[in-house]
Amino acid sequence: MSTLTETPLSKAKRELLEQAVIRFAGDSGDGMQVTGSQFTNTVALYGNDIATFPDYPAEIRAPAGTVPGVSGFQLHFSSSEIHTPGDSVDVLIAMNPAALKVNIADLKANGILIVNSNSFEESDLRKAHLTSNPMEDHSLDKFRVFPVELQRLTRAALQHLGLDAKAMDRCKNFFALGMCYWLYNRSMEPTVRWIDEKFKKKPLLVEANKLALKAGYSYCEATEAFQISYEIPPAQLSPGLYRNLSGNQALAMGFVAAAQKAGLKLFLGSYPITPASDILHELSQYKNFGVLTFQAEDEIAAITSAIGASYAGSLALTTTSGPGMALKTEALGLAVATELPLVICDIQRGGPSTGLPTKTEQADLLQALFGRNSEAPIPVLAAATPGDCFWIAVEACRIALKYMVPVIVLSDGYLANGSEPWRIPNLDEIPAFPVKFATDPVGFQPYKRNPDTLARPWAVPGTRGLEHRIGGLEKQDVTGNINYEPLNHENMVRIRAAKVEAIVQDIPNVLPNGDPEGDLLIVSWGSTYGAITQAVNGQREKGRKIGHLHLRHLNPLPANVGDVLKRYKKVLVPELNMGQLLWVLRAKYLVNAVGLNKIQGRPFKQAELDQKIEEMLGL
Amino acid sequence: MTTTALPPLTPLTKKDFQTDQEVRWCPGCGDYAILSAVQSVFPELGVARENFVVVSGIGCSSRFPYYMNTFGFHTIHGRAPAVATGIKVVRPELEVWMVTGDGDALSIGGNHTMHLLRRNVGIKVMLFNNRIYGLTKGQYSPTSEFQKITKSTPYGSPDRPINPISLAIGAEATFVARSVDVFQSHLKDTLRAAAAHRGTAFVEILQNCNIFNDGAWFGLTEKEARSEKVLQLEHGKPLVFGKNRDKGIRRKADGDIEVVQLGNGISESDLVIHDAHHPRPSYGFLIAHMEERPGFPTPIGVLRAWDALPRFEDVINDQIQSVIEKKGPGDLNKLLRAGDTWEVK
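Taken in order, these protein sequences are the chains called A and B.
For what it's worth, numbering that gives the first Met the number 0 labels the leading residue of the first sequence as 0, then goes sequentially.
For what it's worth, numbering that gives the first Met the number 0 labels the leading residue of the second sequence as 0, then goes sequentially.
Quick caveat, the hints were computed from the structure, so don't treat them as lab data.
Even glycine gets a Cβ: it sits at the ideal position worked out from N, Cα and C.
Please note: incorrect hints may appear among the correct ones.
Said to hold, decoys possible - Taking CB as the label site, the calculated pair distances span: (1) 482/A with 191/B: 34 to 40 Å; (2) 425/A with 8/B: 42 to 48 Å; (3) 159/B with 58/A: 36 to 42 Å; (4) 504/A with 191/B: 52 to 58 Å; (5) 249/B with 373/A: 40 to 46 Å; (6) 57/A with 217/B: 43 to 49 Å; (7) 497/A with 191/B: 46 to 52 Å; (8) 144/B with 67/A: 47 to 53 Å; (9) 125/A with 281/B: 33 to 39 Å; (10) 325/B with 148/A: 43 to 49 Å; (11) 478/A with 14/B: 30 to 36 Å; (12) 449/A with 14/B: 30 to 36 Å.
Unchecked claim - No more than 16 Å apart at the CA atoms, straight line, and that leaves these computed lysine to aspartate or glutamate pairs for EDC-like: (13) 597/A with 206/A; (14) 107/A with 86/A; (15) 228/B with 291/B; (16) 264/A with 330/B; (17) 544/A with 614/A; (18) 333/B with 427/A; (19) 597/A with 609/A; (20) 197/A with 339/B; (21) 447/A with 476/A.
Unchecked claim - Just a sample of chain B residues kept apart from chain A, beta carbon distances all over 10 Å, derived: (22) 48; (23) 80; (24) 106; (25) 254; (26) 266; (27) 275; (28) 292; (29) 295.
Turn these sequences into a full structure, and let the hints steer you where they fit.
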């Protein structure tokens, strides 16, 4: 097995940068997500702040070389704090003409373009519906273009291993990755370790991928292709131990942590759906934590099995995306009526219907708040960043268990797959909320409530003397007996609403970032947190009086939201939907807020936010 | 939480399983007889009352849990199998019984029924089949006869009915039986057999809805018909029926079955011997729907009882145990710190 040695730089000039944005783009079979993740992990380990944006098609393998098959992974890494994956890119790696065609508009003028020149034959151009060869038609003149024979060079580096051509070609993404490591002066070591682990049962592939990686690095070294390399020093994040974490991983770990802090077993009932499936994959690995994952026959069985598990005394969870939420609607009502603790994660994607399965959107807010028959209020929380998903998971469980209610957690495709450096908490930083089941038969009534929280007792099967019946029919308060009397029904509807309202006493007031009062307040929720934070910081540096109020609790809303809204002359609510939080705020607070709405399956760009902010400020 | 079930404190009686709730089925409904049979059998099972959980979906039959003094969960239409599965996998020591109807289990909940059966979750299922939608006042159900006149089919039902027993055996259920509301002692025996089965036990109970489909099973339950039209299955015994036990079921050369008259050189030794314990469901399927053919009787009793298949909840919990044994109990601190980490000072 070869050992990797990195020769020190010779003649190439090294330039110090504050930040860079790099995008890997290729066929969905080219391994762009792996390549991007490896680069991300390496720079994160080095200490850069990072924000990523994986962007891939819904088709697993669209016809090779075509535009619908293009998969991309964008990474923003920096020596200062950053919140977005970046509007435009400094370096674009395009594995074929289709990837070039789709992504070139985002490359900055004078940006670095690395292309696999072996894939620009007549037939490749035709697959991408290009009439002329961009490598020859001067359309790329404003960029620094580096045509590299990725395929030929990779094959040359691996030919002695005896792999077939297809297997060798599959390593060319690591050749490109090696080049990028050279370009940004990064160690290949973390990726080498990953290769060792990933292919440990296939020594030949370990060898091949390491060789390809090293060949890419050496190619830059030997040919001095770039003339220049870059250095981005580590960022000054708050002290602590960090790891790189995606939103779905964070949710999974958050639920495991919450189950331990509650002293309960975790049950997940789920049905595979993009972009939520990774939570199921993660949790199914944690069996030694006693986590029981049940891949149900459909979305309805996923939530109803979770309701059964909750009834039987587990911390129960179901995970899905918008179409699955729609299917779970009736069962959500059952959880409301039976007042059982349950957490429902909706990892939002573009809709309606099947919509844009792999693209992000935040258009399920009103569905989460109101999408049930009759009066069925449910607390709703939304994570702000990939790392915040961990804390939102813990908070959702805390509320569900304390108030005996189902709780909806909203995340989205952008948070689910995006990642950021996450400061690992000490266990005592995670709140504990040990659960006590009802055990005393004396005076037991299934709907006798805790006067503070209005929660009913959790009386699990197997507890002697607490035999009782629950169900979806309207019931009498206290006794839980079926009851259809008019006044009882109104009373029960009001109690269920009051119980959710009571949670407001238990959640902190929100403080706006930036100016505590001023010309403009931006109100946001969910994954737009990063982009808006970045925009507000930039605007305030220019002396503008702006505040940013980001909501993690969407039902109930924190008690002071109305007061904060009054402290600014104007209110802007940017959302990746047609104005759903806007609608809520206008209805609830009679505030003349304005929306900025984007429904393209993509996050906000900095420029889009800046333009609207400046327009509202009359600039 | 207890993970091992305690035995009853004192011997339980039928009365211990009755609730103070007023039973709201129509007078004369077959459900009363089934409720009585279940309340009689439960005390015999050696299970503490608090360890029984009765789960139901929606429909007349699904009001059942309210009348059983056990833990009970009246869920939503068609979803009882999934709720019950959730309960059973996290608490395998509980004795979970499910009550459902022909519409609940075979129409809106057909998918869940199939998956419950093929997973072999240790749940007892009682499907009350009255061949009609009662609670919505008289529309045809998935077991209603072809061309049946109902409120929603004034010119006759265009649907071919499904046979619950065929469906269960087709899904390779490990225990499949049929009984009748008014055959009290047969019903109790069948429920006892179901209780003794570890895997999923599926029991179809033919039940009369005297309001919307009165007499649906009179062809079997009227005194004259009982012996002529009903074939009572017993493991290891030949398939014989008829008032004078003079008819039987014989295998044909092509593997199919036929009704034969005993005598004239045909004796019981020529008949099919009932084998409920065969590992394969093929024989059970062959006899499952014989009553749909002219001249054939309706089989009741245990069609299939093969209990060698591991239960779903055991497979899933054993897997968890084996991972814990291999990796040691999960350490949250280690989980959070797994993979590549770096320190910022």
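Now the hints, each set against the structure:
Remark: the range hint 34 to 40 Å for residue 482/A to residue 191/B is upheld by a beta-carbon distance near 36 Å. Checked against the hint of 42 to 48 Å, the pair residue 425/A and residue 8/B passes, with Cβ atoms roughly 46 Å apart. Distance hint check for residue 159/B and residue 58/A: the Cβ-Cβ separation is about 39 Å, which falls inside the suggested range of 36 to 42 Å. Distance hint check for residue 504/A and residue 191/B: the Cβ-Cβ separation is about 53 Å, which falls inside the suggested range of 52 to 58 Å.
For residue 249/B paired with residue 373/A, a C-beta distance near 59 Å fails the hint of 40 to 46 Å. Separated by about 56 Å at the C-beta atoms, residue 57/A and residue 217/B break the suggested range of 43 to 49 Å. A C-beta distance of roughly 48 Å is found between residue 497/A and residue 191/B, which places it inside the suggested range of 46 to 52 Å. A hinted range of 47 to 53 Å for the beta carbons of residue 144/B and residue 67/A is consistent with their spacing of about 51 Å.
Between residue 125/A and residue 281/B, the C-beta spacing of about 56 Å breaks the proposed range 33 to 39 Å. Restraint check, residue 325/B to residue 148/A: a C-beta distance of roughly 47 Å satisfies the suggested window 43 to 49 Å. Between residue 478/A and residue 14/B the C-beta distance comes to about 21 Å, which lies outside the given range of 30 to 36 Å. Taking the beta carbon of each, residue 449/A and residue 14/B are about 34 Å apart, inside 30 to 36 Å as hinted.
This hinted pair does not check out: residue 597/A and residue 206/A have alpha carbons roughly 46 Å apart, beyond 16 Å. Distance check on the hinted pair: residue 107/A and residue 86/A sit about 10 Å apart at the alpha-carbon level, within 16 Å; holds. Note on residue 228/B and residue 291/B: the hinted pairing holds, with a Cα-Cα distance of about 12 Å set against a maximum of 16 Å. Taken as a hint, the residue 264/A and residue 330/B pair is honoured in the structure, with Cα atoms around 14 Å apart against an allowance of 16 Å.
In summary, the hint linking residue 544/A to residue 614/A is supported, as the alpha carbons are separated by about 14 Å, within the 16 Å threshold. Taking the CA atoms of residue 333/B and residue 427/A, the gap is about 14 Å. The hint holds against a cut of 16 Å. With a C-alpha separation of about 14 Å, the suggested pairing of residue 597/A with residue 609/A holds against the 16 Å cut-off. Of the supplied pair hints, the one linking residue 197/A and residue 339/B holds, its CA atoms being roughly 14 Å apart against a limit of 16 Å.
For the given pair, residue 447/A sits about 7 Å from residue 476/A by alpha-carbon distance, which is consistent with the 16 Å threshold. The claim that residue 48/B lies off the interface is violated: its Cβ sits roughly 6 Å from the closest Cβ of chain A, which falls inside the 10 Å cut-off. The claim that residue 80/B lies off the interface is violated: its Cβ sits roughly 8 Å from the closest Cβ of chain A, which falls inside the 10 Å cut-off. Remark: the non-interface label on residue 106/B is consistent with the geometry, its nearest Cβ contact in chain A lying 14 Å away (cut-off 10 Å).
No Cβ of chain A comes within 10 Å of the Cβ of residue 254/B; the nearest lies about 33 Å off, and the non-interface call holds. At roughly 48 Å from the closest C-beta of chain A, the C-beta of residue 266/B stays outside 10 Å, upholding its exclusion from the interface. Separation of residue 275/B from chain A is adequate, the least Cβ-Cβ distance of about 28 Å exceeding the 10 Å criterion. A cut-off of 10 Å between C-beta atoms confirms that residue 292/B is not in contact with chain A; the least separation is 33 Å.
The Cβ of residue 295/B lies farther than 10 Å from every Cβ of chain A, with a closest approach of about 34 Å, so its non-interface assignment holds.
Hint compliance for this structure: hints 5, 6, 9, 11, 13, 22, 23 are broken, all remaining hints hold.
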